[in-house]
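> Starting from the given sequences, assemble the full structure and let the hints guide the process.
So the protein lines, in turn, are chains A and B.
Just so we're aligned, residue 1 is where the first sequence starts under the working numbering, counting upward by one.
Just so we're aligned, residue 1 is where the second sequence starts under the working numbering, counting upward by one.
Don't read these hints as lab results, they were simulated from the structure.
So the derived label-pair ranges between C-beta atoms look like this: (1) A:Ser301 - B:Asp229: 52 to 60 Å; (2) B:Thr258 - A:Asp277: 51 to 59 Å; (3) A:Asp277 - B:Gly143: 51 to 59 Å.
Quick reminder that beta carbons are idealized off the backbone N, C-alpha and C, glycines included.
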Amino acid sequence: MNERSIVSVVKLTEVSIEKAVNEAISLINGFSDLKGKKVVSIKPNLCCLKSSFSGATTDSRIVEAIIKRIREISSCKINIVETNNSYGTADESFEALGYIDLEKNYSGVRCVNLSKDSKVRLDLNGKIFSTILVPVTMVFSDYLINVAKLKTHADYRYTGVLKNVYGFLLSSNRSQYHGFMKEAIVDLNKIYKPDLSIIDAINGMEGFGPTDGTPKRVGAIIASKDPVAADTLGAQIMGVNPSSIKYLKYAENQCIGNIREIEIRGSDPHEVSAKFDFIPRKWYYLGRFSLWLQRFSRRCSDSARFLSLVRSSLSTVGFSTLRERVSYKEMIRLAKDTVFKVDA
Amino acid sequence: MWKKLKTGVVGCGWIGQSVHIPNYVQNPRSELVAICDTNEELLSKTKEKYNVKYAFTDYEELLEGDLVEAISVCTPTSTHSKIVVDAASHGVHTLCEKPLALNMKEADEVLEAVSRSKIKFMVGFNCRFLPNHVRMRNYTNEGKIGRIITSRGEVIATMGPFGNDVDKEFYRKETEKRVGAFFDMGVHLVDLFIWLFGKPIEVYASTMTFTEGVSADESSVVLVKFNNDILTSITVAWLYLPDYLSMSNNKMLEIIGTEGKLESDLFGPSLYFYSKNSLASKIGGKIRILPRHLNPKVPDEALRWSYEKEIDSFLRAILEDKRPSITGEEAREVLRVTLAAYESSRTKSVVILR
Numbered sequence: 001m002n003e004r005s006i007v008s009v010v011k012l013t014e015v016s017i018e019k020a021v022n023e024a025i026s027l028i029n030g031f032s033d034l035k036g037k038k039v040v041s042i043k044p045n046l047c048c049l050k051s052s053f054s055g056a057t058t059d060s061r062i063v064e065a066i067i068k069r070i071r072e073i074s075s076c077k078i079n080i081v082e083t084n085n086s087y088g089t090a091d092e093s094f095e096a097l098g099y100i101d102l103e104k105n106y107s108g109v110r111c112v113n114l115s116k117d118s119k120v121r122l123d124l125n126g127k128i129f130s131t132i133l134v135p136v137t138m139v140f141s142d143y144l145i146n147v148a149k150l151k152t153h154a155d156y157r158y159t160g161v162l163k164n165v166y167g168f169l170l171s172s173n174r175s176q177y178h179g180f181m182k183e184a185i186v187d188l189n190k191i192y193k194p195d196l197s198i199i200d201a202i203n204g205m206e207g208f209g210p211t212d213g214t215p216k217r218v219g220a221i222i223a224s225k226d227p228v229a230a231d232t233l234g235a236q237i238m239g240v241n242p243s244s245i246k247y248l249k250y251a252e253n254q255c256i257g258n259i260r261e262i263e264i265r266g267s268d269p270h271e272v273s274a275k276f277d278f279i280p281r282k283w284y285y286l287g288r289f290s291l292w293l294q295r296f297s298r299r300c301s302d303s304a305r306f307l308s309l310v311r312s313s314l315s316t317v318g319f320s321t322l323r324e325r326v327s328y329k330e331m332i333r334l335a336k337d338t339v340f341k342v343d344a
Numbered sequence: 001m002w003k004k005l006k007t008g009v010v011g012c013g014w015i016g017q018s019v020h021i022p023n024y025v026q027n028p029r030s031e032l033v034a035i036c037d038t039n040e041e042l043l044s045k046t047k048e049k050y051n052v053k054y055a056f057t058d059y060e061e062l063l064e065g066d067l068v069e070a071i072s073v074c075t076p077t078s079t080h081s082k083i084v085v086d087a088a089s090h091g092v093h094t095l096c097e098k099p100l101a102l103n104m105k106e107a108d109e110v111l112e113a114v115s116r117s118k119i120k121f122m123v124g125f126n127c128r129f130l131p132n133h134v135r136m137r138n139y140t141n142e143g144k145i146g147r148i149i150t151s152r153g154e155v156i157a158t159m160g161p162f163g164n165d166v167d168k169e170f171y172r173k174e175t176e177k178r179v180g181a182f183f184d185m186g187v188h189l190v191d192l193f194i195w196l197f198g199k200p201i202e203v204y205a206s207t208m209t210f211t212e213g214v215s216a217d218e219s220s221v222v223l224v225k226f227n228n229d230i231l232t233s234i235t236v237a238w239l240y241l242p243d244y245l246s247m248s249n250n251k252m253l254e255i256i257g258t259e260g261k262l263e264s265d266l267f268g269p270s271l272y273f274y275s276k277n278s279l280a281s282k283i284g285g286k287i288r289i290l291p292r293h294l295n296p297k298v299p300d301e302a303l304r305w306s307y308e309k310e311i312d313s314f315l316r317a318i319l320e321d322k323r324p325s326i327t328g329e330e331a332r333e334v335l336r337v338t339l340a341a342y343e344s345s346r347t348k349s350v351v352i353l354r
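Following this line, the structure appears as structure tokens:
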């Protein structure tokens with residue numbers, strides 16, 4: 001991706017949240033492609049029932065400001081979407097964190113618990129996901145706004161926009177993909193690539209994020225059409241080198257967005273920078289090691305299944321028949337796809 | 001525990017052996033008690049394989065004496081009407097394989113007999129049970145692809161007389177009765193399009209024959225216009241497919257709308273959705289929607305599932321005294337369009353359906 005990505009950052013000290021959101025969106029010409037869209041989905045980060053002041057969840061006032069701005073342009077349907085998590089249901093989160101009020105106060109706005117939505121299976125043929133279950137609401141959504149939270153992550157150091165789409169996974173056991181996070185994030189961001197990415201950096205979270213850390217005041221709104229660029233600036237504000245975040249770098253390599261070619265507009269990023277505390281290095285590396293083990297053990301068992309599949313294909317069909325029907329390369333590719341990719 | 005219906009299958013050929021008999025054996029609402037076929041060797045093998053109590057070479061014996069409550073008719077199309085009329089006169093509920101009959105006279109006789117006897121009568125258009133077609137219908141009705149501009153269906157396959165392990169002589173005889181590619185396979189598409197769009201009003205068709213000794217169509221293109229101004233083209237052919245064709249999707253139907261396109265595998269399980277205004281726009285404008293419970297990597301799983309559903313639906317209609325999912329009247333409409341296509345091809349003119 002060679003085109004420069006534009007990211008805006010607006011400090012909240014002088015302006016209200018609504019004005020900051022509007023300015024951040026205007027600086028990147030954020031809603032230039034909204035006209036004509038029928039269904040807009042807004043995905044906040046409601047990963048637990050803690051308030052936005054705890055630094056864990058997206059501030060509903062940001063989503064409210066986005067809705068007001070959309071209403072100036074379009075009368076499209078607006079769905080605020082979230083899935084259930086290990087702490088509770090999305091309905092509980094909508095209720096507890098003030099999102100239900102948005103549904104009540106604005107016409108055409110609906111809080112949708114995607115876990116309760118009817119689902120369809122889509123062929124993804126991604127890096128790790130062969131197929132993926134997608135809620136019907138998302139299939140017919142034509143504009144996605146990802147409103148993430150600026151947080152540390154115990155395993156990946158940083159979490160923001162790209163990682164927020166992990167919340168679209170409908171599997172009851174999302175942790176099974178933790179060892180394959182970078183591939184999973186790239187796969188999910190291909191299908192759920194946001195048209196507009198906003199990071200709630202009013203109150204971030206440091207320490208043992210993304211749910212059990214401590215609040216960290218930053219007081220800023222970040223916006224970009226490029227999710228990787230938004231996360232790059234988020235990580236810089238936090239005091240992390242974006243290139244050291246594996247999934248961010250991998251996303252750039254996979255053409256999801258830019259880390260390097262970024263133009264920053266709005267407030268001076270140095271003015272909003274806040275040095276975040278992270279978990280002690282030894283705990284971080286222990287976590288990384290456990291993820292590596294998860295990845296390694298999974299790959300070992302996959303490799304065993306792969307060899308067994310190739311052997312059974314050869315013994316059933318036979319070398320000569322196989323040569324006539326399909327090429328070895330094709331057979332191995334099929335076997336690889338069958339074994340090394342999962343249906344999420 | 002469900003009440004079990006005593007069931008029978010008339011005709012132990014491919015469709016009987018691979019679809020109806022195993023499904024009646026497995027379904028908890030059925031007890032397969034009798035089978036019938038004129039081929040004694042096949043009959044005794046099938047009887048032994050599925051451990052069926054009674055086997056007959058004459059279907060009338062099967063219908064006698066309250067032996068069965070419901071049957072499937074899996075015989076050649078030319079025999080459908082007589083068997084169904086006899087079954088109706090014995091009060092035996094009937095699931096008849098498609099097409100309903102060879103001509104409208106036979107179809108009307110069937111419907112009259114069914115109406116008189118008040119049996120449950122269903123015709124085996126199994127494709128309607130495929131989740132991809134159900135979803136296609138829902139999305140079309142919900143306006144997900146906007147206003148419909150045009151639609152198209154296609155079955156080009158190594159089937160009929162060219163299929164594997166097929167009795168060529170049998171097909172030669174069948175084609176003498178005008179059971180060609182469109183009559184045999186095109187009816188699935190005609191049925192689906194009527195189910196999707198409603199009342200057909202005009203038919204125009206052209207048919208071709210390639211093989212010496214075959215008197216029916218092996219390739220046909222049929223245009224059907226519906227009363228809501230939707231135009232459909234249906235292409236059907238029985239061929240020895242060259243490799244490159246057997247690898248592409250030649251069994252499908254598609255609907256093109258002002259805001260998107262839906263393309264559905266005729267025998268399942270995939271539905272392709274092309275649109276700029278949906279999630280599809282994120283992944284190259286096209287998404288492949290798969291049913292949650294069917295694995296596209298398992299060949300024919302969807303097709304097997306549709307047959308399972310079809311037979312279950314028939315049995316439930318009897319037990320719950322419901323209207324069958326596919327009625328004789330609907331099958332008659334399919335036959336009317338099919339015959340109109342042949343008439344159009346013969347007269348080289350548009351046939352207006354009244």
